[in-house]
Structure formats: C-alpha cells, structure tokens
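Number of protein chains: 2
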Amino acid sequence: MSRPVILSSPDSIAERPQPFFDLRMKMHVAARQVEDMLEQVLPKPAGLHKRVHEAMRYAIFAGGKRLRPFLVLSCANLFGVESPRSLRVAAAIEALHTYSLIHDDLPCMDDDDLRRGRPTTHVAFDEATAVLAGDALLTIAFEILSEPATHPSADVRCRLVAELAKAAGSAGMVGGQMIDMEAVEHPLGYQETVALQRMKTGALFEFCCEAGPILAQASQNDYERLRNYARDFGLLFQITDDLLDAVGTVESAGKAVAKDREQGKATLVSILGVEGARQEAATLARWNPMARMPRICGIFLYSFLIATLRTFDWPKKRIS
Amino acid sequence: MSRPVILSSPDSIAERPQPFFDLRMKMHVAARQVEDMLEQVLPKPAGLHKRVHEAMRYAIFAGGKRLRPFLVLSCANLFGVESPRSLRVAAAIEALHTYSLIHDDLPCMDDDDLRRGRPTTHVAFDEATAVLAGDALLTIAFEILSEPATHPSADVRCRLVAELAKAAGSAGMVGGQMIDMEAVEHPLGYQETVALQRMKTGALFEFCCEAGPILAQASQNDYERLRNYARDFGLLFQITDDLLDAVGTVESAGKAVAKDREQGKATLVSILGVEGARQEAATLARWNPMARMPRICGIFLYSFLIATLRTFDWPKKRIS
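Note that the protein sequences, when read in sequence, are chains A and B. Quick note, the first sequence lines up with residues 100 to 419 if you use this note's numbering. Quick note, the second sequence lines up with residues 100 to 419 if you use this note's numbering.
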C-alpha cells in the first residue's frame with residue numbers, strides 16, 4: 100500500500116502500530132468511566148416527578164457505544180487534560196446526544212419504535228414523558244458544563260457552553276434535523292446533503308473534538324486542526340450510518356433500517372450508490388491501512404479513529 | 100386599611116404612590132425593548148432550515164405580556180445593572196419560556212390549539228417543526244447567556260447558565276410539568292399542588308428575580324430576598340392562572356379554558372374553591388392597597404408587582 104495520506108494533518112504522521120482490539124478495549128473502558136460519571140451527574144429517580152428521571156435514565160443507560168464521549172476523552176487526552184474534567188464534558192455531550200435521539204424517535208419525527216435493540220423512550224414510557232425527558236437531558240448538559248467541577252476557569256466553562264449551544268441549536272444539529280424533515284418532500288443534491296449532515300451530526304462531532312483543546316486552553320491552531328479532523332470523521336460516520344440503513348439488517352444496526360429509502364430521503368448512499376458511498380468513505384479514510392471495509396459495520400470508523408488520532412500525537416508533544 | 104404586611108421583606112416598606120397606568124406603560128416599554136433584543140439575538144430565517152427559524156419567531160413574536168423579561172429588568176434595575184446586559188438575560192428567559200409553551204401545547208402534552216389568541220406552533224406549522232423550534236429556543240437561551248456581551252465576567256455568565264438550567268430542568272420546570280401530567284391520574288393535595296407549582300412556574304420566576312443580583316454581583320442576602328419575593332409572586336401568578344382557567348373565557352384568557360377541570364387535574368382552585376383561591380391570593384398580596392381583585396384578570400398581578408418591587412428600593416440605595 101502506498102504511503103498514507105493525511106487529510107487533516109498532512110505534516111504529522113506516526114507509524115506506531117495500534118491494533119484494533121486495543122481500541123475496542125479503550126472504548127469499552129471509556130464507556131464504563133462515562134457511565135460512572137453519568138450515574139453521578141444525573142438525578143436519581145425521586146419525588147413526585149421521578150418518572151422523568153426514570154425516562155432520562157432509561158434512554159441514556161441503553162448500552163450505547165459512547166462514541167462521542169470517547170472522542171471527547173481521546174482528544175482531551177492528547178492535551179493531558181485531567182480526566183474528571185473531560186469525563187464531565189463527555190457526560191454532558193452524551194446527555195445532549197441522548198435527548199436528540201429521544202426527540203428524533205418521536206411519532207411526529209422519525210417515528211421509530213426501536214433504538215439500540217430496545218423500545219424507544221416514547222414506547223417504553225409515553226410521548227409526553229419522552230418529550231420531557233429529552234428536554235431535561237438537553238438542559239442538564241448545560242448545567243454540567245457550567246459547574247466549577249468541569250473546569251476551574253469560568254472562561255473555559257462559558258466557551259464550552261457557547262460552543263455546545265451553537266453545535267446543538269438551529270445553526271447545527273436542530274437545523275440539520277429540520278432540513279432532513281424537509282428533504283422528504285424536496286430531495287437534495289450531493290453538496291446540500293453534505294451540508295445537511297455537517298449540521299445534523301457533524302456539528303456535535305466537532306464539539307466533541309474541540310472540547311479537548313478548549314479544556315486545555317490550547318492554541319487556536321490546535322483547535323482548528325481538531326475541528327478539521329472532526330469534519331472528516333463526521334462525514335465518514337454519516338456515510339457508515341447511511342450504508343447501515345441501506346444494506347444493513349435490524350440486527351446489525353440495532354434499529355429500524357431502510358427508513359431513508361421508504362421516506363424517499365436523499366442520503367449520500369442514495370446519491371452516490373452503495374459502491375460510490377463506500378469509495379467516498381475509503382477516500383476519507385484512505386491513509387488508514389486497516390480501512391479495507393470488509394463489512395459495512397462500524398469497523399472502519401474505529402480504524403479511522405485509530406489512524407487519525409494517532410496523527411494527533413503532535414499536540415501532546417507540543418504541550419508537554 | 101391596616102399597615103401593609105410584607106411577606107418577603109418585613110423591614111423594607113416604602114409608601115411612595117405608583118399608579119397602575121405607570122406600571123402598564125413601563126411593561127409596554129420593556130416589552131418593546133425585549134422584542135428589539137430578541138430580534139437581534141434570534142437567527143433570521145435563512146438557509147435550507149429556515150422553517151425552524153420561522154417557527155421560533157412565530158412562537159416568540161406572538162404579542163406576549165413579556166412578564167418574565169419585565170421581572171428580570173425590574174429586579175436588575177434595583178441594582179443599577181446596565182440595560183443591554185439585563186435585556187440579554189430577559190431575551191434568554193423569554194426564549195426558554197416560549198420553548199416551554201410550544202412543547203406544553205403539543206398534542207401529546209396539553210393538546211392546545213390556541214395560544215395568545217392564535218393557532219399554536221404545531222397547528223400553524225406541524226408537530227415536528229414545533230418540537231424542533233422548542234428545542235432550538237431552549238438551546239439558544241444558554242447560548243445568549245454564555246456570550247461575553249451578557250456580562251464581562253465569565254463567572255457571572257456561568258452562574259446564570261447554571262441557575263437557569265436548574266430552574267428549567269428536571270428539578271424545576273420540567274419536573275413540575277411531569278408532576279402535572281401525572282396529576283391527571285393521581286390528584287394531589289394542597290401542599291403537593293403548591294410544590295408542583297413552585298417547580299412548574301415558580302422556578303423560572305425565581306430565576307427572573309435572581310438574575311438581577313447575579314448580574315450585579317450583589318450579596319447573598321440581596322439574592323435570597325429577591326428569591327423569596329419571587330416565590331410569593333410565583334404562587335400568586337399560578338392562582339391567577341388557575342382562576343382564569345376555572346372561571347375565565349377564551350377571550351379573556353387568550354387560550355383554551357376549563358382544561359384543568361376537563362382533565363380532572365387538581366389545581367389550587369379545585370382544592371380551595373374559587374373564593375378560597377381568591378382569598379389565598381389576597382393573603383399573599385394583602386400589603387398591596389390595589390389588590391382588591393375586582394376581576395380575575397392580571398390586574399392584581401401587576402398590583403402585586405408594584406407593591407413588592409417598591410419595597411425593594413433598598414438594594415439600590417445600598418449599592419449606590
């Protein structure tokens with residue numbers, strides 16, 4: 100194979116081997132740590148309103164991969180950020196991500212009954228409770244970030260709040276979701292679909308990767324580079340998700356599939372075709388020797404993660 | 100009439116007359132200022148996702164009384180806070196309040212078609228857009244608070260974010276809404292109903308009144324006193340709202356009425372009776388010579404506001 104090409108960091112290649120199982124182990128350990136933190140920061144079911152606490156916990160403790168928290172922790176680790184701080188940010192982002200899943204699954208939105216192989220929150224509880232649990236998880240994300248335990252500097256905490264709000268709001272995730280709803284009636288072209296995905300899922304990935312340099316009060320340059328990495332990662336993630344929807348099974352995806360096609364939504368897969376989308380993903384991940392995409396499951400996401408995070412050893416050297 | 104009794108501030112009575120029309124004029128001027136600020140901070144409808152911007156604006160520019168912003172501005176004014184700062188907090192709280200109305204009106208929640216005399220957001224747009232517009236308004240509230248234009252001190256901004264998140268989340272407004280949904284099947288007693296209202300509407304009123312001393316970096320004592328004032332005010336407000344629902348008309352309320360009775364919900368009015376609730380309100384507002392409650396419309400709220408805000412001239416004197 101030819102010399103790997105680094106899209107986001109052309110001048111920072113490290114060739115240390117890092118086996119796949121090591122990443123899976125790291126993700127597993129990180130997921131446990133994040134779940135411990137979530138256990139601490141989320142309210143225990145109590146009081147006359149305990150049903151909303153139960154729904155929040157039902158949705159968040161559903162055995163997710165905790166990919167976004169892992170991105171937060173990995174990127175923060177590059178700068179030597181203390182783990183209680185990055186774990187709090189990771190918990191906040193997982194709360195916010197979970198809110199978006201609960202609301203997206205509602206009957207008036209994507210109308211999904213299954214999520215991570217279990218009944219969705221509005222099925223397990225009811226629609227009103229699901230709406231409220233989503234609202235509460237969105238709200239607590241900002242509460243977690245704003246508290247002194249997240250970082251001693253209030254400037255850092257405020258920047259985290261501001262960036263997460265931008266990523267999650269109408270200029271980011273919510274705006275992307277709006278375009279996605281509209282796309283049923285007005286199919287989009289390639290560039291529009293890329294723009295939609297950058298808002299709908301990419302903006303939150305960007306926040307995950309930016310949180311590390313923000314917590315470390317790193318240079319603007321470091322910050323920009325991790326943001327660029329996040330953009331490539333986000334697009335690759337979305338192609339995988341679209342491929343899962345197009346050619347996966349309910350078992351492999353852990354949720355309903357073929358929804359996009361049924362709803363007539365334009366996705367990168369419907370525009371480029373399955374093979375074209377795979378090639379686009381391969382182009383994004385082509386510097387990664389493991390990115391052979393033998394199957395459409397998450398494996399090349401993890402490979403991408405290995406390859407690209409490896410190239411980001413440079414900030415650690417710069418900081419230490 | 101005997102000497103007025105001040106519940107929240109027993110040692111700070113000022114007897115200056117302040118006519119009712121003056122308050123109405125002040126509220127009108129404040130509402131215009133807050134709407135100008137909302138115009139600045141809310142996104143203009145643009146892009147493929149402009150529908151969510153339109154829905155956010157439809158819901159927020161609906162001719163509301165802007166009572167919560169007025170509380171923010173009035174309490175901040177006691178401490179001489181610069182108005183661009185308090186106006187930003189007022190805009191944030193109005194965005195958050197509007198989100199709660201949009202979500203509460205959804206078919207799966209209170210299922211209301213009418214709000215402020217107009218079709219509710221999910222009727223004027225659709226349910227999915229209403230959910231998203233609510234999510235975006237909740238999110239932008241935290242974005243507004245976290246930005247340096249709100250206050251030069253990041254500590255102050257972080258405290259605002261933290262307090263608003265607590266007031267709006269599962270320990271506050273959302274928790275109260277959850278209890279309210281459950282109350283259809285499990286009618287509550289008086290104390291439980293008071294606790295519910297303190298969470299559902301009172302917590303946000305508390306934030307409105309606390310924001311001033313937070314912006315002014317006032318003493319804990321000043322902060323506590325305004326919080327106590329807000330508690331009384333919130334309870335009085337809720338009794339008015341329940342009375343409007345019980346004996347008002349669609350025209351006087353600007354929204355559907357008799358919903359609580361139809362749903363079999365316990366309210367302070369259903370527990371105390373209409374006369375009992377009026378007397379409870381009179382007790383709360385009894386130091387106010389204007390609080391004769393000749394009718395159940397908002398007049399005694401405003402009177403309450405006059406009487407109690409007047410008693411809070413002391414912090415201004417203390418600060419200047």
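It is possible that part of the hints are untrue.
Chain copies aren't distinguished; within one or between two, either way the pair holds.
[Said to hold, decoys possible] No farther apart than 25 Å at their CA atoms in a straight line, the calculated lysine-lysine pairs in the BS3-like style are these: (1) Lys125 / Lys265; (2) Lys265 / Lys143; (3) Lys125 / Lys149; (4) Lys125 / Lys143; (5) Lys149 / Lys265.
Since the hints were derived computationally from the structure, they do not count as laboratory data. Owing to the predicted nature of the structure, the values given are computational and were not obtained by experimental measurement.
Hints violated by the structure (numbers, ascending): Hints 1, 3, 4 not satisfied by this model.
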